[in-house]
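These protein sequences, in sequence, are chains X and G. By this note's numbering, the letter at position 20 of the first sequence is numbered 20, and the numbering carries on one by one without gaps. Quick note, this note's numbering runs 1000 ahead of the 1-based positions in the second sequence.
Just so you know, not all the hints are guaranteed correct.
Below are the DSSO-like pairs computed for lysine-lysine, each with C-alpha atoms no more than 27 Å apart in a straight line [what the hints assert, rightly or not]:
no.: 1; chain 1: G; residue 1: Lys1020; chain 2: X; residue 2: Lys97
no.: 2; chain 1: X; residue 1: Lys71; chain 2: G; residue 2: Lys1066
no.: 3; chain 1: X; residue 1: Lys109; chain 2: G; residue 2: Lys1041
Counterexamples of contact, computed for chain X against chain G with all Cβ distances above 12 Å [claimed, not checked]:
no.: 4; residue: Val4
no.: 5; residue: Asp17
no.: 6; residue: Ala19
no.: 7; residue: Lys22
no.: 8; residue: Ser28
no.: 9; residue: Asp49
no.: 10; residue: His72
no.: 11; residue: Glu79
no.: 12; residue: Asp84
no.: 13; residue: Ser85
no.: 14; residue: Val87
no.: 15; residue: Ser98
no.: 16; residue: Thr99
no.: 17; residue: Asp102
The hints are simulated quantities; they were obtained by calculation from the structure and are not laboratory data. A virtual CB, placed ideally from N, CA and C, is assigned to each residue, including glycine.
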Amino acid sequence: GENVEQHPSTLSVQEGDSAVIKCTYSDSASNYFPWYKQELGKRPQLIIDIRSNVGEKKDQRIAVTLNKTAKHFSLHITETQPEDSAVYFCAASGTGKSTFGDGTTLTVKP
Amino acid sequence: GAVVSQHPSWVICKSGTSVKIECRSLDFQATTMFWYRQFPKQSLMLMATSNEGSKATYEQGVEKDKFLINHASLTLSTLTVTSAHPEDSSFYICSAMGDLPADEQFFGPGTRLTVL
């Protein structure tokens, strides 16, 4: 089955700095890669996603890059704000099922 | 956007009792629903995948007789935790997927289960 590894597990940045979270996957059949933000006790919320026919996607301060050959994808958050503090999960999906990374706890210090 | 509701949002029960959790897609037809379990500070663990009108597919290590899943309609799936024990205490989250956009899952708000 699919195996997704996510790094780092914790990340602390100063407000205004950039944050990068990286994930690798094992199944070359995976073709959909969403990123979720989860606040304590709440549901995961989709913040950005990318499909395998695209190498990069950007939405305001958030961007995702995908390298299919190397089987890795990354989340980039620029100009971080304290409200960006949360747990971020990557996932790799193929045939309708998603496998999640272990999560990254991002703390943005004011 | 697509909305998924989950009920109840939290439940406390005695050991040995059964608890039913409902997951509803409110504004779209969910051909597939997923049930996840999440322990504190951990990732989402897929328990099972259910398709409307057919038996759920359980992940390895998940007891199908303990976690009963029914997907009776295109908008409702239920998870029943039978003979609950304290180790079943967890955050249970469902998600629903329609035909479009492909592969995108919409999550319910989760149910916090505490078994005394």
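Hints and how they fare:
1. G:Lys1020 x X:Lys97: Answer holds: G:Lys1020 to X:Lys97 is near 24 Å, not above 27 Å.
2. X:Lys71 x G:Lys1066: violated, 36 Å
3. X:Lys109 x G:Lys1041: Roughly 20 Å between the alpha carbons, so the hint for X:Lys109 and G:Lys1041 holds.
4. Val4: violated, 9 Å
5. Asp17: Correct as stated: the minimum Cβ-Cβ distance to chain G is 24 Å, above 12 Å.
6. Ala19: Nearest chain G Cβ is 19 Å from X:Ala19, so the label holds.
7. Lys22: holds, 16 Å
8. Ser28: holds, 16 Å
9. Asp49: violated, 7 Å
10. His72: At about 18 Å from chain G, X:His72 clears the 12 Å cut-off, so the statement holds.
11. Glu79: holds, 25 Å
12. Asp84: holds, 18 Å
13. Ser85: Holds, because the least Cβ-Cβ distance between X:Ser85 and chain G comes to about 15 Å, which exceeds 12 Å.
14. Val87: violated, 8 Å
15. Ser98: Per Cβ check, X:Ser98 is inside 12 Å of chain G; nearest 6 Å; violated.
16. Thr99: Violated, because the least Cβ-Cβ distance between X:Thr99 and chain G comes to about 8 Å, which does not exceed 12 Å.
17. Asp102: Violated: least Cβ distance 5 Å, not greater than 12 Å.
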